[in-house]
Structure formats: structure tokens, C-alpha cells
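Peer 1: Read off the chains here:
Protein chains: 6
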Amino acid sequence: MEFRIIKTPSKGTMDILKRRMGSNNKSDFDNVDAVGLVQGKMIEMICAADVAEKAVGVTVEDIRGSCPQNMILIAIFGDTASVEDAIHEIKRKLEEGKDLW
Amino acid sequence: MEFRIIKTPSKGTMDILKRRMGSNNKSDFDNVDAVGLVQGKMIEMICAADVAEKAVGVTVEDIRGSCPQNMILIAIFGDTASVEDAIHEIKRKLEEGKDLW
Amino acid sequence: MEFRIIKTPSKGTMDILKRRMGSNNKSDFDNVDAVGLVQGKMIEMICAADVAEKAVGVTVEDIRGSCPQNMILIAIFGDTASVEDAIHEIKRKLEEGKDLW
Amino acid sequence: MEFRIIKTPSKGTMDILKRRMGSNNKSDFDNVDAVGLVQGKMIEMICAADVAEKAVGVTVEDIRGSCPQNMILIAIFGDTASVEDAIHEIKRKLEEGKDLW
Amino acid sequence: MEFRIIKTPSKGTMDILKRRMGSNNKSDFDNVDAVGLVQGKMIEMICAADVAEKAVGVTVEDIRGSCPQNMILIAIFGDTASVEDAIHEIKRKLEEGKDLW
Amino acid sequence: MEFRIIKTPSKGTMDILKRRMGSNNKSDFDNVDAVGLVQGKMIEMICAADVAEKAVGVTVEDIRGSCPQNMILIAIFGDTASVEDAIHEIKRKLEEGKDLW
Numbered sequence: 351m352e353f354r355i356i357k358t359p360s361k362g363t364m365d366i367l368k369r370r371m372g373s374n375n376k377s378d379f380d381n382v383d384a385v386g387l388v389q390g391k392m393i394e395m396i397c398a399a400d401v402a403e404k405a406v407g408v409t410v411e412d413i414r415g416s417c418p419q420n421m422i423l424i425a426i427f428g429d430t431a432s433v434e435d436a437i438h439e440i441k442r443k444l445e446e447g448k449d450l451w
Numbered sequence: 351m352e353f354r355i356i357k358t359p360s361k362g363t364m365d366i367l368k369r370r371m372g373s374n375n376k377s378d379f380d381n382v383d384a385v386g387l388v389q390g391k392m393i394e395m396i397c398a399a400d401v402a403e404k405a406v407g408v409t410v411e412d413i414r415g416s417c418p419q420n421m422i423l424i425a426i427f428g429d430t431a432s433v434e435d436a437i438h439e440i441k442r443k444l445e446e447g448k449d450l451w
Numbered sequence: 351m352e353f354r355i356i357k358t359p360s361k362g363t364m365d366i367l368k369r370r371m372g373s374n375n376k377s378d379f380d381n382v383d384a385v386g387l388v389q390g391k392m393i394e395m396i397c398a399a400d401v402a403e404k405a406v407g408v409t410v411e412d413i414r415g416s417c418p419q420n421m422i423l424i425a426i427f428g429d430t431a432s433v434e435d436a437i438h439e440i441k442r443k444l445e446e447g448k449d450l451w
Numbered sequence: 351m352e353f354r355i356i357k358t359p360s361k362g363t364m365d366i367l368k369r370r371m372g373s374n375n376k377s378d379f380d381n382v383d384a385v386g387l388v389q390g391k392m393i394e395m396i397c398a399a400d401v402a403e404k405a406v407g408v409t410v411e412d413i414r415g416s417c418p419q420n421m422i423l424i425a426i427f428g429d430t431a432s433v434e435d436a437i438h439e440i441k442r443k444l445e446e447g448k449d450l451w
Numbered sequence: 351m352e353f354r355i356i357k358t359p360s361k362g363t364m365d366i367l368k369r370r371m372g373s374n375n376k377s378d379f380d381n382v383d384a385v386g387l388v389q390g391k392m393i394e395m396i397c398a399a400d401v402a403e404k405a406v407g408v409t410v411e412d413i414r415g416s417c418p419q420n421m422i423l424i425a426i427f428g429d430t431a432s433v434e435d436a437i438h439e440i441k442r443k444l445e446e447g448k449d450l451w
Numbered sequence: 351m352e353f354r355i356i357k358t359p360s361k362g363t364m365d366i367l368k369r370r371m372g373s374n375n376k377s378d379f380d381n382v383d384a385v386g387l388v389q390g391k392m393i394e395m396i397c398a399a400d401v402a403e404k405a406v407g408v409t410v411e412d413i414r415g416s417c418p419q420n421m422i423l424i425a426i427f428g429d430t431a432s433v434e435d436a437i438h439e440i441k442r443k444l445e446e447g448k449d450l451w
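Residue numbers (the numbering used here), protein chains in the order written: chain A, 351 to 451; chain B, 351 to 451; chain C, 351 to 451; chain D, 351 to 451; chain E, 351 to 451; chain F, 351 to 451.
There may be inaccurate statements among the hints.
No distinction is drawn between identical chains; accordingly, a pair holds when it is met within one copy or between any pair of copies.
EDC-like cross-link-like pairs, simulated, lysine to aspartate or glutamate; straight-line CA separation at most 20 Å [said to hold, decoys possible]:
(1) K441 <-> E352
(2) K391 <-> E352
(3) K441 <-> D380
(4) K361 <-> D378
No lab work stands behind these hints, which were simulated from the structure alone.
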């Protein structure tokens, strides 16, 4: 499982992400402050998406990989502090072990 | 073979799962209490799906991976206790060895 | 190469298998007693399919994996004893070595 | 690189192979005596196909793997002796080293 | 993560790259001085694309790999000095560690 | 990175290659003297294609692998001496290290 945060992502970076989004509300992401990226196995990414969704101030999207239905990457959009909080929450939940899922 | 249980999954998490379901009765999953996730090789997942199907109080769906026909993940929907029972049953059957399949 | 036998497969398990079958005679499998699963490399699975086809009382189908033309799994349908015999025959032929193929 | 020879292949085995052939002359293979299978990396399989094509009494087809254009397996059809000769020739050429290709 | 720079790329090389570009403005690349190539995991390539986009004098494109939506390679077009600067900036950012992303 | 040279390729071998070519000028390859094959990672193959394109007397094509846009193999057509020269040039450039790309 890997994590990255891009602050004030460039337009070209957002275009790359938008071309791979599973959902249709792509216009909502025109002025994002930061984007958090989490990559891992599909089973982990579904759990990570759920943790991030339950955090405040962020929107979660799955970014398609080699084929349309393969989710290997999720993107978390929001202001920098909220994205960092969501990623810390994902890390914390993972460290608590599988019992808490 | 990996296991996860998500309690009261968020709407976004359910959307991600629904987009990858092989069956068509997707409206049945609007108010699930918990979802169990099991990921593994295709041969194991078909056996795991059969064990879970024979458990009570749960519904089993295969969640498509990188391509439409690749089943690398199954989801088990139901109340938390039933989902946990189904996953324990899968674990128990696997520990009994291949003879019992 | 891996082997599994599912006795009295559930309807959901048969649905998962039917959605991935290469052939069209899917209605023939409504009341199968047992299903044997064999997973391996494509070259081995073609040989295994040939051994099973030459056994009595079973029907062999290839179950598609990640993409329509990728055979990583074959299913052997029939009564439990015939399916077990076919799988033992596959194991025996493999142990005899490549000379006998 | 792996090799297998199936003598008097069953109808079901031939059906599996025919569904994956790259060429269209599939009716030519209704009464083959034997089929040799060679699996390996694409670069090796193109060389192996060339060696087999230059042998006498056999027909060579590429059998598609996970996607239509992925050749991971070639099939060599003919009488048993010719198929065995073609496979021995492939083995011999490979042992001579890359200099002779 | 791997890096390469091709100076004065040949027409055939540009054709190979253009056939894999995600965007549509392919005519802009007819007289490029140099092309930098960066290959890596999807999460790293999105970050690398963002770093390169924020550099001056270069254009960034994702080059599709095995399937249309799989980005395993990005190309950075511009004069040689600008491409080299963009790649050095990607290397530098990566060495600073994940904290700075 | 692997290399092979096929001298006077058979018609069947050329058919396999032509079915996987990215370009459309497939009739130009009816009487080739030799074909050099180079297989490797996409980033290396783009560089190798550029080196071969800048050599004299050869034509370079990318041969598609598991999916239409995945280049894992390039073919270099020409008389035997020119193909060998192009492959030696690719090897030499690779040994000089990444600095020279």
C-alpha cells in the first residue's frame, strides 16, 4: 500500500486522473486544493475507500488501472488538511489490524 | 487468501462494489449491515463462494477485477453476525484441507 | 496445478461457472452431482482437458479467467465418483511424466 | 519453454484449440493424429514457429492466450512422428544457442 | 522508476509514441528536439507528471501500455535542456522523500 | 532484453508477425531476407526502435503483445547484414549506459 499527496495539482495531472475516473461527476474537481493517492490490492482499496468516505471534507474516486474495472488506485480530493487527515486515518486503521475492519 | 469485513459500508463504497458485480439484482444491496470481502485465486474463490452460499443469511456476489470475467474478489452481504459466520466457515473449510472440498 | 471438488454445488456457484463457460450448452448443467476444478498453465490445462475428456461419465468445460480467451481453469462435471476418477487420472498422467503425453 | 504432445486429441480438446486459433482454416484440423504444444515467451514462440514451419509434415498455429493478440502457445498438428520431429528440432535449435537463430 | 532521453527522435519513434497518447493534440509534436521517458507504477507516474507539468518549456503526455487506461510510461517533450531539467526535478523530488509530495 | 534473428523467415512466421503489426504497410514485407526480434520493457523498446530507425537498410515495426497497445517486441526487417548491424548498435548503445540516450 502506497501513499502520495499532490498539492495544487496541475491541470494536466487532473486531466490524467479524470480520464480514469469511474464516476461521472468530473466537473466537481476543477479547483481542488490537494489530491491524495492510495494504491494497493483491490480488497485493501475498497476498505481504504470506505475509511476515507467516512472522513470529513473529502471526496473519493477510484482511478482505473490497466482495464476499466480494475481498481488499483483511489484518489482523495479536498483541502490539504482534510486529505492528510483521511490518509492518516487509513494508515491508522490498517495498523489496528484486520480485527477492526 | 485475504479477508476483510466492512461494517455499515458507505454509499460510495457500495457504488464501487455495485459497478463490478456480475449479477443484475443490484438494488437488493441498498441497506446492507455489513459486507465481507474475500480475495484469492479463481479456483479458491469459486469454492469460497460455494461455502458462503450454503451459509445462512448472506448473499454472495463476485466482484470483477481487471477484466469483466476475472473473479478475484467475492463480496458477502448480510447482517454483521451472518457475514462473520460465513467467513469463519470459509476459513474452517480451508483449514480442513482439500479432502473435504 | 491445483485441484478442488465441490459436491452438490449451489445454484450461485453454478451461475458463476456458467457465466465463464466457453461453450453454449449451458442448460446441460442444471443438476450436476459434483464439479471438479483444475487450475494451471494453459499448456497443462489443454492436456488435462484431454485426459478428462477420455475418462467416462464426465463433461469438461473451460472456465474463462481474466479475459475471454484465457483458459486458466477447467471444470469437470458429473457424479462424484466419475469426477474423482477423472481428477485422479489427470494426477496420475502428470506423475508419469511428460514422456507419456 | 514447455513441450507437450497429445496423441489422438479428443474432440473437446480440438474445440478448445480451435476457439483460440489466429487463422481461419479451422476445418483442416478435423482428423489430426497428434498435436504438439509449445509454450513460452513471445519472442521464443515466433522463432519456434519458424523452426516448426520449416519441418516437414506439420502445420503450425498460434493459440491465443489471455487476449487475442497474445501468443503464448503454439500448436503443431500432424502425424505423431512428424510432430515429435518438429519438437525435437525446436529443442535442438534452442540448445545450439542464440548464434544460430 | 526508469528514465531515458532520446535526442532528435526519429519519425518512426514519434509514430509509436503518438499511437499511444491519451490526448488528441498529436500534431503539436512534429518537430520536438528531445523526448524524456519515465516509466513506473501508476501512483508514481501521476506524481512525476505533476512535477514535470510544473517545470518550464516541456509538454507531458501519458503513453498507454498494455491497455488504453494503463499509464506505465510518460513522455516529456521539449528542447533537450528543458527535458533534462524536468527529469532532474522528478529525480530530486523523489529523493526528498514522500513527505514533500 | 532479448535478441533473436530469423533468416529467410517462413510465410507462416511472417503471417504471425503481420497480424500483430501496429502500422498498415504490411505488403512491404513479402520478401524480407531476415527479421531481427528484440523484446523488453516498453521504455527500452522505444529507445531500441529509435536506434534501429537511425541505422541504415532496415525497417522497424512494433509487434503487439497481449493487448493492442502493449509493445513488448519490435521486429527489424532487412537483409541479414543490416539487421545484424542494427541489433549490434542497440546492444552497443545499451552498454554505453543511460547517459548516452
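Peer 1: Against the earlier hints, flag every one the structure doesn't satisfy and list their numbers going up.
Peer 2: 3
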